[in-house]
Structure formats: structure tokens, C-alpha cells
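*Asks:* At position 123 of the sequence shown (counting the first as 1) the number is 123 in this note's numbering, and the numbers step up by one without a gap.
Just so you know, these hints were derived from the structure itself, not from any lab.
Misleading hints may appear alongside valid ones.
What the hints assert, rightly or not - Result set (PhoX-like, lysine-lysine): computed pairs, CA atoms no more than 20 Å apart in a straight line: (1) K48 with K87; (2) K112 with K48; (3) K97 with K130; (4) K74 with K39; (5) K47 with K97; (6) K87 with K47; (7) K97 with K53; (8) K40 with K130; (9) K123 with K74; (10) K87 with K74; (11) K130 with K162; (12) K87 with K130; (13) K123 with K97; (14) K56 with K97; (15) K74 with K112; (16) K74 with K53; (17) K74 with K56; (18) K97 with K74; (19) K61 with K40; (20) K163 with K123; (21) K87 with K56; (22) K112 with K130.
Said to hold, decoys possible - For each label pair, taking beta carbons as the anchor points, the in silico distance ranges come out as: (23) E23 with N145: 37 to 47 Å; (24) P50 with E146: 11 to 21 Å; (25) G16 with N145: 20 to 30 Å; (26) P133 with I73: 11 to 21 Å; (27) S12 with N90: 22 to 32 Å; (28) E23 with S124: 32 to 42 Å; (29) V120 with E170: 38 to 48 Å; (30) W115 with S21: 14 to 24 Å.
For every residue, glycine included, the Cβ atom is placed at its ideal position computed from N, Cα and C.
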Amino acid sequence: METYKDKEVPLSIIVGLINNSGEHLTEVNIEFSRDDSNKKLIRAIYKKCPNLKYLKVNIEKDDDILELENLFIKCQYLAGLYITCRKELNFENLFDKLVNSAPDNLFKFKFKSSWQIPLVAWKSFFYNWKGRPPMLLQTIATFLNEEYMVLFENYKFLGIIKKYDNCENENTFEDFEWITGNFNFMNLNLDKTSKKKKKRVRGVRAI
1 METYKDKEVP
11 LSIIVGLINN
21 SGEHLTEVNI
31 EFSRDDSNKK
41 LIRAIYKKCP
51 NLKYLKVNIE
61 KDDDILELEN
71 LFIKCQYLAG
81 LYITCRKELN
91 FENLFDKLVN
101 SAPDNLFKFK
111 FKSSWQIPLV
121 AWKSFFYNWK
131 GRPPMLLQTI
141 ATFLNEEYMV
151 LFENYKFLGI
161 IKKYDNCENE
171 NTFEDFEWIT
181 GNFNFMNLNL
191 DKTSKKKKKR
201 VRGVRAI
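Full structure from sequences and hints, please.
*Replies:* Here is the structure:
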């Protein structure tokens, strides 16, 4: 088994499966568990999944972020990370761990949060990502005002972000897909050739 995908499964069952099959897993896809904290789950993943390349996991508490830092250090093949969050989270702390501890291969990110990710957290994340591979970035079902759009486009222009999509829903892309889409998402761009910044919304065809 190379891929594990599940939703709303008791944490003890998920951890048991990973303990038994983890060394063969390259993808772990778990949106929610029935527990408030996924600390035990994340710990099992970085102890048992040395070949992990793609991870989708729900993060609810700062303890989860601390364990994620250990995962970044242990799972050196990690290339794509999809974070979901149903509660208010310290994204500045999460982004700081990514900047300082993420493996060199990791540059594909998706974030789905029930709370707005603060602009200051994005600013710090992008600014400190300098020197790393340009990121492929997606946000899911996130309202962005023009201040956010200007920030994202500025860092696209600077080469920090290679591609950014604000997807209307989770069905736009497969969970571990960053390039090919199903047309129904908002790709936010600002016309760099114009002195006056303006919003352009366009559909992108599948590549």
C-alpha cells in the first residue's frame, strides 16, 4: 500500500494502520479525525513513513504544529502539503516552521481554513521563503480582498510564488494536484503592464 486516504475515522485506527504499513506509504490523505488534536497521528507518520511525499492533514492546535516541525525534519522526501483547519490557528507559527524546517523538496502547498489567514502571516511566509524553490500555492474557499491579491501578485512577480490559485471548492483539483484543474476556480492576477492595479478573473484550461 502506497497511499492511505480516509475521513472521520477514529484516531487510534488510523495510527494503527500507519504503524503497520507506514514504511510503504508515500501519500497520506486524512482531512479530519474525531480527535481535537492530531499530534499522535503526525508523530506516527514521521516515525513510520520515511518515504512520505504528499500529506493532507487537519491541524487544530499549536501542539500539532510542533509535531509538524518534527515531520518536516524527518520526512525529507515530502514535496506537497495540504493543511485543513476548522479552528483559529496560529498560522504565523506554522509558516515559521515551514520556512525554517521544511525539506528542500517541499514547495507545493494547499491551505483550507475556516478562519481567515492573517495578511501579516502571509507576508512573513513569502518574505522568508526567499532562496527556496518557487512555491505552487492554493487556497480553498477563501475570500481574499484586494490587499491580499496585491500581496500574492507581488510575490509572484518576485519569483517567490510560481503559481497561485484561489479555488472555489475542493473539487477543482485532486488533493495532490497543483497544475491540472477542472476550470471552476478563480485564478487571481493583477495586470503588471498597467500602472493602475486591477483584478482579473480567468479560467485556466487543463494542461
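*Asks:* Tell me the numbers of any earlier hints that the structure contravenes, in ascending order.
*Replies:* Of the numbered hints given earlier, those the structure breaks are 1, 2, 6, 8, 9, 10, 12, 15, 22, 24, 25, 29 and 30, listed in rising order.
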